[in-house]
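Colleague: Listed below are the residues making up each chain.
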Amino acid sequence: MNIVVCVKQVPDTATERKLKSSDSTLDREAVDGLMNELDEYAVEEALRIKEAHGGEVTILTMGPSTAADTIRKALSMGADKAVHLSDDALHGSDSLQTSFAIQQVLGRTGFDLVILGSESTDARTGVLAAMLAERLGVSQVTLANKVEIDGSTIRIQRQTDYGFDRVEASLPAVVSVVEKINEPRYPSFKGIMAAKKKPVDAPSLADLGIDAAQVGLAGSATTVVDFAEAPPRAKGQIVTDEGDGGSKIADFLASKKFV
Amino acid sequence: MPADRVPPSEEAAELLALTREIVAAELAPRAAEAEENSAFPRDVFRLLGRSGLLGLPYPESCGGGGQPYEVYLQVLEEVASAWASVAVGMSVHTLACYPLHAFGTDKQKQRLPEMLGGELLGGYALSETDAGSDAGALKTRAVRDGDGYVITGSKAWITHGGEADFYVLFARTADTGTSGISCLLTDGRLAGLTAGTPERKMGLTGSTTASLHFDGARVPDEWLLGAEGQGFPIALSALDSGRLGIAACAVGLAQAALDEAVAYALQREQFGSPLIEFQGLAFLLADMAAAVESARCTYLDAARRKDRGLPFARQASIAKLVATDAAMKVTTDAVQVLGGNGYTRDYPVERYMREAKVMQIFEGTNQIQRMVIARHLARDAAK
Numbered sequence: 001m002n003i004v005v006c007v008k009q010v011p012d013t014a015t016e017r018k019l020k021s022s023d024s025t026l027d028r029e030a031v032d033g034l035m036n037e038l039d040e041y042a043v044e045e046a047l048r049i050k051e052a053h054g055g056e057v058t059i060l061t062m063g064p065s066t067a068a069d070t071i072r073k074a075l076s077m078g079a080d081k082a083v084h085l086s087d088d089a090l091h092g093s094d095s096l097q098t099s100f101a102i103q104q105v106l107g108r109t110g111f112d113l114v115i116l117g118s119e120s121t122d123a124r125t126g127v128l129a130a131m132l133a134e135r136l137g138v139s140q141v142t143l144a145n146k147v148e149i150d151g152s153t154i155r156i157q158r159q160t161d162y163g164f165d166r167v168e169a170s171l172p173a174v175v176s177v178v179e180k181i182n183e184p185r186y187p188s189f190k191g192i193m194a195a196k197k198k199p200v201d202a203p204s205l206a207d208l209g210i211d212a213a214q215v216g217l218a219g220s221a222t223t224v225v226d227f228a229e230a231p232p233r234a235k236g237q238i239v240t241d242e243g244d245g246g247s248k249i250a251d252f253l254a255s256k257k258f259v
Numbered sequence: 001m002p003a004d005r006v007p008p009s010e011e012a013a014e015l016l017a018l019t020r021e022i023v024a025a026e027l028a029p030r031a032a033e034a035e036e037n038s039a040f041p042r043d044v045f046r047l048l049g050r051s052g053l054l055g056l057p058y059p060e061s062c063g064g065g066g067q068p069y070e071v072y073l074q075v076l077e078e079v080a081s082a083w084a085s086v087a088v089g090m091s092v093h094t095l096a097c098y099p100l101h102a103f104g105t106d107k108q109k110q111r112l113p114e115m116l117g118g119e120l121l122g123g124y125a126l127s128e129t130d131a132g133s134d135a136g137a138l139k140t141r142a143v144r145d146g147d148g149y150v151i152t153g154s155k156a157w158i159t160h161g162g163e164a165d166f167y168v169l170f171a172r173t174a175d176t177g178t179s180g181i182s183c184l185l186t187d188g189r190l191a192g193l194t195a196g197t198p199e200r201k202m203g204l205t206g207s208t209t210a211s212l213h214f215d216g217a218r219v220p221d222e223w224l225l226g227a228e229g230q231g232f233p234i235a236l237s238a239l240d241s242g243r244l245g246i247a248a249c250a251v252g253l254a255q256a257a258l259d260e261a262v263a264y265a266l267q268r269e270q271f272g273s274p275l276i277e278f279q280g281l282a283f284l285l286a287d288m289a290a291a292v293e294s295a296r297c298t299y300l301d302a303a304r305r306k307d308r309g310l311p312f313a314r315q316a317s318i319a320k321l322v323a324t325d326a327a328m329k330v331t332t333d334a335v336q337v338l339g340g341n342g343y344t345r346d347y348p349v350e351r352y353m354r355e356a357k358v359m360q361i362f363e364g365t366n367q368i369q370r371m372v373i374a375r376h377l378a379r380d381a382a383k
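Sequence order for the protein chains is A and B. Read left to right, the first sequence gives residues 1 to 259 (this note's numbering). Read left to right, the second sequence gives residues 1 to 383 (this note's numbering).
Wrong hints could be hidden among the right ones.
To be verified - Think about it this way: if two alpha-carbon atoms lie no more than 27 Å apart in a straight line, the pair counts; the simulated DSSO-like pairs of lysine-lysine are: (1) B:K201 / B:K383; (2) A:K190 / B:K109; (3) A:K50 / A:K146; (4) A:K50 / A:K198; (5) A:K190 / B:K107; (6) A:K235 / A:K81.
Note that these hints are calculated values from the structure, not bench results.
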């Protein structure tokens, strides 16, 4: 089975993330980048499907050259090869354009199954799987906490407020997975060494038939109109218990409309 | 802050980075509770095995990591700085794989990959109640019977005793002193083999230590490693490397104590100033740092000699002596820096102090190390 996993390098969620005042895009240079945590589950699921059913796992990322670290990590975990789409013209692309660019890459790699994390921890739109399926004209089975492959059928389970949905589709398909689905493995030492020799394809926009005007900040359908820094965290309030600690806490929670 | 290292290769740097990632996420958060409850973390060894960290100094062709000792020991040190019991277990396991790798036949060595991959955990069964430092006095017997050996006797102080999947066993096949000892690889679950109640130790409580009782247990003769009577030289040849392992564990433990003490001295204020601004404590911390870094240099020097095929027995003993004495001093001083808090179990430094003590004792007591060093001095001077 030809499995493609879309991964994204994002700023470390443990650091303070900022937008650039110049073009309202994320300042990726100011902080350490790492693989979107939610994508680790997608990579793990792909590896498990490959281990059970055979095939090949290709990592696909769109991002600046530093995203090579994220590709390396996924290859260290056990993926077979990667495609790194990187071009300055892609900078500032919104979800619509990103899904378009990824569609073009998938035309080059082919696929039976495309797996994504549920969302990225930076943009958090969570729409890429749906957009991609729509563009590719294949089924979307999203937010899976369980995936089963049976021949050319994929069955997933999705947690809901009332229980869970079971959804079935024919391959090829696009699936997005949630963090409950598995426990991502650590790369092994051998995996890290082997990753260095695994092929990473780096097509140009021209290779993919993408016109630079179709992507990037200028042509985005969505625009960040304005942004402001989050207010500094207010100092905590310490309640000293003088026999009335419980009611003071209840009053506080009521004032914040928690109770 | 973590130790500032100069890895000899990019590969080593990545290996150390992987180790730090795993120990920070999977080992450090669990250590205190597991030690408190004397819970042996078998699953951690599986994780380390899957990650390729349990067979580092062995060749890749038999499932190892193909790393020089200089790198393996620094990985071990990183593990020890998060959880000493696990690092000691790693060192013992690595030691237990050594006789098969060095003295096994090709057929015997087919078992190595699952040992080095962490699926199987090993123990090293040399010591006995009356044969500790004087290992050559061991009494456990291996009597030839048909196509195997029948083992009778008891082993003492066995790390992973009762938990291990295999043991390297040293037993007497003839009453000819040290030349009557043979080395056998035994299964951990063997009819006639039982483990005693785990020892109630002062520290390293997350690592199981127990006696092993062999009561007519049969080991097929295909698992004799080397020749009959070759056991004692095999045991000795593994010990130098084992001493380096313990030296690295001790440095990791000392580093952890230093880090804890520095963090505390920066944050704790008395008389309006952080403790580290009081020269009395600042100098104590400086001495601790000097002890940690100089101890690290001793094991690295010995390891580099080993990696280049040079004799390293004297340097291994010096490293074991210096590193474990340093760990004892540094962990004790860490308790001092933390004052009353350091004496409580709410902070890890009293545990570090208890863990350091045994490192001066096992893998050859520090008195034995001094004997070894002195013997080398006499021998080298006579040349």
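Colleague: Does the alpha-carbon distance linking K50 (chain A) and K146 (chain A) stay inside the 27 Å limit?
Modeller: holds (15 Å)
Colleague: Compare the distance between the alpha carbons of K201 (chain B) and K383 (chain B) with 27 Å, and conclude whether the hinted pair is satisfied.
Modeller: Violated. K201 (chain B) to K383 (chain B) sits at ~44 Å, over the 27 Å cutoff.
Colleague: Under the criterion that the straight-line Cα-Cα distance not exceed 27 Å, is the pair K235 (chain A), K81 (chain A) satisfied?
Modeller: violated (49 Å)
Colleague: Measure nothing beyond the straight line between the CA atoms of K50 (chain A) and K198 (chain A); if it is 27 Å or shorter, mark the hint as holding.
Modeller: Roughly 17 Å between the alpha carbons, so the hint for K50 (chain A) and K198 (chain A) holds.
Colleague: Would you check the hint for K190 (chain A) and K109 (chain B), treating anything up to 27 Å between C-alpha atoms as holding?
Modeller: holds (20 Å)
Colleague: Starting from K190 (chain A), check that the Cα of K107 (chain B) is at most 27 Å away, please.
Modeller: Roughly 25 Å separates the two Cα atoms, so the pair holds.
When held up to the earlier numbered hints, the structure conflicts with 1 and 6 and fits the remainder.
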